[in-house]
Amino acid sequence: MKILFFGSLTDIIGVADLCLNGITDTDALQQFLKAQYPMLSSAKYFIAVNQKMISANTPLKTSDTVALMPPFSGG
Amino acid sequence: MSEKKIRNIFYQGPIPADKIAADLQQHASNTDIGAHSIFIGQVRADQKETDSVAAIEYTAYPEMALEKMAEIRADLFIRYPLTCMHVHHSLGRVNIGEICLFVFVSSKHRKAAMDACEAMVEAIKKELPIWGKEICSNDAEYWKQNK
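Residue numbers (this note's numbering), protein chains in the order written: chain X, 1 to 75; chain S, 1 to 147.
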């Protein structure tokens, strides 16, 4: 699946997107990313799966696109 | 006009001041309109720790932003009797004093245009996945935070 990072999160991850497989849900994804990128633990962000915001753990398929987005600051 | 249709709002670089006059002129032929309400956002030279802001660099999640924008727009057309509504938001670098946001709402009477324009600006800041990075003249960078 494709993982997209935006705003200040790109500074933490170092890239704007990653391709990951074998991760079954968004909780597992967050655990994996926080282990790889410890600074992510103190970052505030929202998660969208296929462009829809989620607020609870969500199952993931290989074809999904997950976005991690810090608070918006447009305008 | 209330259908949910995806339209682009993104403009590469600063929005030229001329565009505002040209867009206004284009609406002259629609004689049902009695009021335009316009919001223009300009990049401000905020003072930071060591220097002041020289520019803001905007990035977005365009697919999601445009989808969300279509929802917000459709909702405002239901809530207010509007004739039309146009939104332009910059991507990339916009220097201080340049225009980064242009919201243009038209209706028969003033109240609908004014209220919908304000609601749209608030929604853009709160709900669209867009991020601004403030860049100082000494190259220091700060991710912008909306108040």
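Among these hints, one or two may not hold up.
Distance ranges between label pairs, derived from CB positions [unchecked claim]: (1) S:Asn30 to X:Tyr37: 43 to 53 angstroms; (2) S:Glu67 to X:Thr62: 52 to 62 angstroms; (3) X:Ala28 to S:Asp32: 26 to 36 angstroms; (4) S:Gly34 to X:Thr62: 25 to 35 angstroms.
For the chain X half of the interface with chain S, some residues (derived, Cβ under 10 angstroms), not all of them [as the list claims (entries may be wrong)]: (5) Gly14; (6) Val15; (7) Ala16; (8) Leu20; (9) Asn57; (10) Lys61.
Don't read these hints as lab results, they were simulated from the structure. Keep in mind the model is a prediction, meaning the values are calculated, not measured. Every residue, glycine too, gets a C-beta built ideally from N, C-alpha and C.
Evaluated hints:
1. S:Asn30 to X:Tyr37: 43 to 53 angstroms: About 52 angstroms separates the Cβ atoms of S:Asn30 and X:Tyr37, which means 43 to 53 angstroms holds.
2. S:Glu67 to X:Thr62: 52 to 62 angstroms: Distance hint for S:Glu67, X:Thr62 is violated at roughly 22 angstroms.
3. X:Ala28 to S:Asp32: 26 to 36 angstroms: Cβ of X:Ala28 to Cβ of S:Asp32: about 55 angstroms, so the range 26 to 36 angstroms is violated.
4. S:Gly34 to X:Thr62: 25 to 35 angstroms: Violated: the Cβ-Cβ distance is about 54 angstroms, outside 25 to 35 angstroms.
5. Gly14: 15 angstroms, violated
6. Val15: Violated - the Cβ of X:Val15 stays beyond 10 angstroms from chain S, reaching only about 14 angstroms at its closest.
7. Ala16: 9 angstroms, holds
8. Leu20: Given a least distance of 18 angstroms, the restraint on X:Leu20 is violated.
9. Asn57: With a minimum Cβ separation of about 20 angstroms from chain S (threshold 10 angstroms), the hint on X:Asn57 is violated.
10. Lys61: Nearest chain S Cβ about 18 angstroms off; hint violated.
In this structure, the hints that do not hold are numbers 2, 3, 4, 5, 6, 8, 9 and 10, in rising order.
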